[in-house]
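Residue numbers (full-length UniProt numbering): 1 to 691.
These are calculated hints, taken from the structure and not from any lab test. Each hint should be verified, as a subset may be incorrect.
As the list claims (entries may be wrong) - Result set (BS3-like, lysine-lysine): computed pairs, CA atoms no more than 27 Å apart in a straight line:
(1) K81 to K8
(2) K486 to K523
(3) K583 to K523
(4) K574 to K522
(5) K81 to K9
Unchecked claim - Computed Cβ-Cβ distance ranges for the label pairs, DEER-style:
(6) R401 to S348: 19 to 27 Å
(7) P519 to G21: 15 to 23 Å
(8) Q83 to P502: 38 to 46 Å
(9) S91 to P460: 46 to 54 Å
(10) S602 to R401: 45 to 53 Å
(11) E64 to L439: 49 to 57 Å
(12) F565 to Q83: 42 to 50 Å
Note that CB positions come from ideal geometry on N, CA and C, so glycine has one too.
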Amino acid sequence: QSITCWRKKFLETFFSNVLHGVLDVSSDWRLNDRHFSPLLHSSPHVSQLTLCNMLQGAVELTAEHNHRVLENLAGSLRILKFQHLLSCDQSIRRSLVLLLHRLIHHGSVSQVSMYSWPVPDTVLLVLILTMSAGLWRSGNALAYHGSPCALCREEDKGQSQESAQEGAERGCNAEQEGSGGESQKRSPNEADARMNSVLSGPRSPPLQNLACEETSSKVPSCHTSIQGGSPPHSSSEQLSCHPIPRKTRRRLKPAMGRKRRCLRRSRGHYADPEDLYDFVFTVAREDNSGLQDKTKTTEGENTENWTSSSPGSPYTGHAGCKKKGGPAGILPLKAAHRFRSVSTLELSSIPLTAETCRTLSNLLSSWVSLESLVLSYNGLNANISCILSGLRALSRHPECRFRALRVSDMFSHMPCMELVCCILSALPQLHTLSVSFDLKNQLEGSRPEGNPSCSEAEIPESCLEVLEIRFPREPLHAVFLLPVLKASKCLQQLSLDSATLPCPQELGLLLGLLKECTPNLKKLSFHDVNLAEHQKEVLFLLQDPGLQEITFSFCRLFESSTAEFLSEIINTVKRNSSLKSLKLPGNRLGNHRLVALADIFSEDSSSSLCQLDVSSNCIKPDGLLEFTKKLEGHLQQRGQLPFTHLCLFQNWLDQDAETAQEALRRLRAVCSVVNDAWDSSQALADYISVM
Numbered sequence: 001q002s003i004t005c006w007r008k009k010f011l012e013t014f015f016s017n018v019l020h021g022v023l024d025v026s027s028d029w030r031l032n033d034r035h036f037s038p039l040l041h042s043s044p045h046v047s048q049l050t051l052c053n054m055l056q057g058a059v060e061l062t063a064e065h066n067h068r069v070l071e072n073l074a075g076s077l078r079i080l081k082f083q084h085l086l087s088c089d090q091s092i093r094r095s096l097v098l099l100l101h102r103l104i105h106h107g108s109v110s111q112v113s114m115y116s117w118p119v120p121d122t123v124l125l126v127l128i129l130t131m132s133a134g135l136w137r138s139g140n141a142l143a144y145h146g147s148p149c150a151l152c153r154e155e156d157k158g159q160s161q162e163s164a165q166e167g168a169e170r171g172c173n174a175e176q177e178g179s180g181g182e183s184q185k186r187s188p189n190e191a192d193a194r195m196n197s198v199l200s201g202p203r204s205p206p207l208q209n210l211a212c213e214e215t216s217s218k219v220p221s222c223h224t225s226i227q228g229g230s231p232p233h234s235s236s237e238q239l240s241c242h243p244i245p246r247k248t249r250r251r252l253k254p255a256m257g258r259k260r261r262c263l264r265r266s267r268g269h270y271a272d273p274e275d276l277y278d279f280v281f282t283v284a285r286e287d288n289s290g291l292q293d294k295t296k297t298t299e300g301e302n303t304e305n306w307t308s309s310s311p312g313s314p315y316t317g318h319a320g321c322k323k324k325g326g327p328a329g330i331l332p333l334k335a336a337h338r339f340r341s342v343s344t345l346e347l348s349s350i351p352l353t354a355e356t357c358r359t360l361s362n363l364l365s366s367w368v369s370l371e372s373l374v375l376s377y378n379g380l381n382a383n384i385s386c387i388l389s390g391l392r393a394l395s396r397h398p399e400c401r402f403r404a405l406r407v408s409d410m411f412s413h414m415p416c417m418e419l420v421c422c423i424l425s426a427l428p429q430l431h432t433l434s435v436s437f438d439l440k441n442q443l444e445g446s447r448p449e450g451n452p453s454c455s456e457a458e459i460p461e462s463c464l465e466v467l468e469i470r471f472p473r474e475p476l477h478a479v480f481l482l483p484v485l486k487a488s489k490c491l492q493q494l495s496l497d498s499a500t501l502p503c504p505q506e507l508g509l510l511l512g513l514l515k516e517c518t519p520n521l522k523k524l525s526f527h528d529v530n531l532a533e534h535q536k537e538v539l540f541l542l543q544d545p546g547l548q549e550i551t552f553s554f555c556r557l558f559e560s561s562t563a564e565f566l567s568e569i570i571n572t573v574k575r576n577s578s579l580k581s582l583k584l585p586g587n588r589l590g591n592h593r594l595v596a597l598a599d600i601f602s603e604d605s606s607s608s609l610c611q612l613d614v615s616s617n618c619i620k621p622d623g624l625l626e627f628t629k630k631l632e633g634h635l636q637q638r639g640q641l642p643f644t645h646l647c648l649f650q651n652w653l654d655q656d657a658e659t660a661q662e663a664l665r666r667l668r669a670v671c672s673v674v675n676d677a678w679d680s681s682q683a684l685a686d687y688i689s690v691m
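Could you build the full structure based on these sequences and the hints that come with them?
This is the structure:
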């Protein structure tokens with residue numbers, strides 16, 4: 001459902017498979033043409049790219065024969081991922097530097113993600129982090145096949161010319177002011193002529209439109225195109241690069257060390273740049289003999305390089321390159337220069353040492369473009385305070401755009417609510433905060449260094465809109481959540497996961513605080529919280545006119561309930577016209593309760609419920625069919641139902657495939673259904689494993 005364009009998805013996957021050697025184009029007679037470069041053809045469609053292991057993909061993309069592929073990626077790529085990385089030598093790191101510089105500093109990459117690196121190479125990790133933050137040394141360190149980066153070189157030239165022009169203007173003004181009365185004796189025409197003679201010199205404002213064109217086989221050159229009448233821009237503004245397609249008779253260099261040939265086509269007919277997709281899914285269905293006759297071409301025919309990038313796919317990058325000598329390597333931040341940086345950073349399953357955390361904190365302190373940070377299973381423990389120190393310094397920056405922080409780990413070195421208070425005290429501008437831990441740290445009493453009374457600090461008024469907390473089986477005390485709720489008047493979504501309720505009255509106190517302190521709350525979620533003995537509070541939530549989405553996930557709602565409780569739930573939802581989504585996965589509904597829920601949409605109902613999630617509820621095909629028939633009856637009575645989405649993941653629909661198919665077929669005529677092919681024989685084993 002998340003794939004909006006299958007053409008783009010196909011070509012993006014095609015690019016990845018060719019780059020990593022999974023797909024050998026030379027083995028396919030339809031694609032095996034000496035003029036065809038598969039990477040060049042599909043690169044304009046690539047928005048996500050994953051580099052793995054020894055970074056072979058980085059080496060291939062920075063090879064000289066793939067220069068135009070890299071230019072296309074600079075305009076199309078938005079997300080760059082690293083997975084299962086291994087240590088590499090200096091030459092591979094150099095290729096990575098070239099790649100990151102082009103795709104981040106002079107490209108469009110906005111997110112860098114790193115996953116599954118159990119024993120990270122510190123030099124390589126810090127290299128990726130530093131360049132993602134837009135900090136690096138220009139000059140020889142960024143040489144492209146022996147020559148400095150053309151974009152940096154052109155930008156430096158523009159900046160130096162602008163500085164020279166500003167100096168000339170300042171000198172002219174100073175000379176005019178110093179002449180005193182003598183200048184007043186001159187005629188106005190003479191003064192104007194003098195000024196015009198100064199301003200008529202070479203003037204080169206900062207780059208505005210940058211058209212990249214391949215003028216040699218080794219070094220790309222960039223030509224500026226200044227729009228007349230446009231005001232000068234500061235060096236931090238964006239550059240717009242448009243690769244210009246060119247006709248060429250020269251043979252393309254092979255990609256991945258193998259022959260790459262162009263799609264065969266008739267003489268005088270040039271394929272659309274997206275024909276590979278049509279070729280595979282449309283033309284390939286035709287008769288093979290007719291296809292061969294249609295696509296046959298002479299071996300020595302000169303053809304236009306139709307895989308060149310389109311002028312309609314610009315890429316942008318922030319300026320900030322200055323000349324600086326010195327070798328490549330990890331530099332002190334004061335010695336580096338500021339380039340364009342990414343807005344989202346994800347680090348998942350990568351252990352971060354204290355030293356690495358200090359480096360990351362230093363980078364974060366000035367990473368003004370950063371909007372979202374995700375730290376997942378990094379073994380931070382008390383080092384979280386070091387990260388918060390850098391984020392706190394960032395939050396004081398006038399251009400700070402940081403809005404989302406997600407922290408998850410195996411162990412929590414301090415109570416979750418205390419950590420939440422620390423984060424909100426340091427970062428009141430956060431819009432989204434997610435804190436998740438699996439287990440409590442066995443070392444009780446440990447606290448972040450330098451924050452001995454973190455939980456006691458007063459929380460300033462915050463901009464928090466989304467708060468997600470996964471407790472490591474900690475008691476949920478409403479009094480500890482009170483300062484957070486009071487400071488978060490804008491809170492719209494709250495999720496509480498794996499918390500325990502120390503006493504029956506605690507949930508009631510929490511709901512009272514929510515109603516009092518968070519008038520804008522729209523979504524409330526409880527996951528793996530035992531609500532079997534809290535039926536009154538559940539009904540209280542279901543009748544809240546402010547909530548639009550309520551989730552009770554694996555909350556054991558019907559573990560000790562009676563039939564009257566289910567009837568009260570149905571009647572409450574029928575009267576609530578503001579509730580749009582009700583999610584009840586993992587609550588042992590069974591067939592009979594599912595059938596009863598269909599009455600929410602009866603003729604006398606004022607409910608606006610459009611989404612219902614009944615996943616993992618032991619629903620069988622006959623129960624689903626009965627539920628469908630009841631919905632059809634309500635639809636006939638009302639003419640139209642607000643109900644549009646039903647989620648059925650992990651139910652026992654495989655026990656009677658024929659009945660299940662009939663139920664799903666009829667149900668899809670009423671609403672959109674999402675289900676899966678789940679093996680119900682694993683249900684008992686799964687249930688026992690989580691008890």
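Now for the hints, and whether the structure bears them out:
1. The suggested pairing of K81 with K8 holds, with an alpha-carbon distance near 18 Å, which does not exceed 27 Å.
2. Only pairs whose Cα atoms come within 27 Å are accepted, and K486 paired with K523 is accepted, the gap being roughly 17 Å.
3. Between K583 and K523, the direct Cα distance comes to roughly 11 Å. Compliance with the 27 Å bound is thereby established for this hinted pair.
4. Only pairs whose Cα atoms come within 27 Å are accepted, and K574 paired with K522 is accepted, the gap being roughly 18 Å.
5. Distance restraint check for K81 and K9: the Cα-Cα separation of roughly 17 Å lies within the 27 Å cut-off, and the hinted pair is therefore satisfied.
6. Checked against the given bound of 19 to 27 Å, the beta carbons of R401 and S348, roughly 22 Å apart, stay inside it.
7. Taking 15 to 23 Å as the suggested C-beta distance range, the pair P519 and G21 does not conform, at roughly 57 Å.
8. For Q83 and P502, the Cβ-Cβ distance of about 42 Å falls inside the hinted range of 38 to 46 Å, so the restraint holds.
9. For S91 and P460, the hinted distance range of 46 to 54 Å is satisfied, since their beta carbons lie about 50 Å from each other.
10. Checking the proposed 45 to 53 Å range against S602 and R401 shows it holds: the Cβ atoms sit about 49 Å from each other.
11. Taken as a hint, the range 49 to 57 Å holds for the pair E64 and L439, whose Cβ atoms sit roughly 51 Å apart.
12. Between F565 and Q83 the C-beta distance comes to about 47 Å, which sits within the given range of 42 to 50 Å.
Of the numbered hints listed earlier, the single one contradicted by the structure is hint 7.
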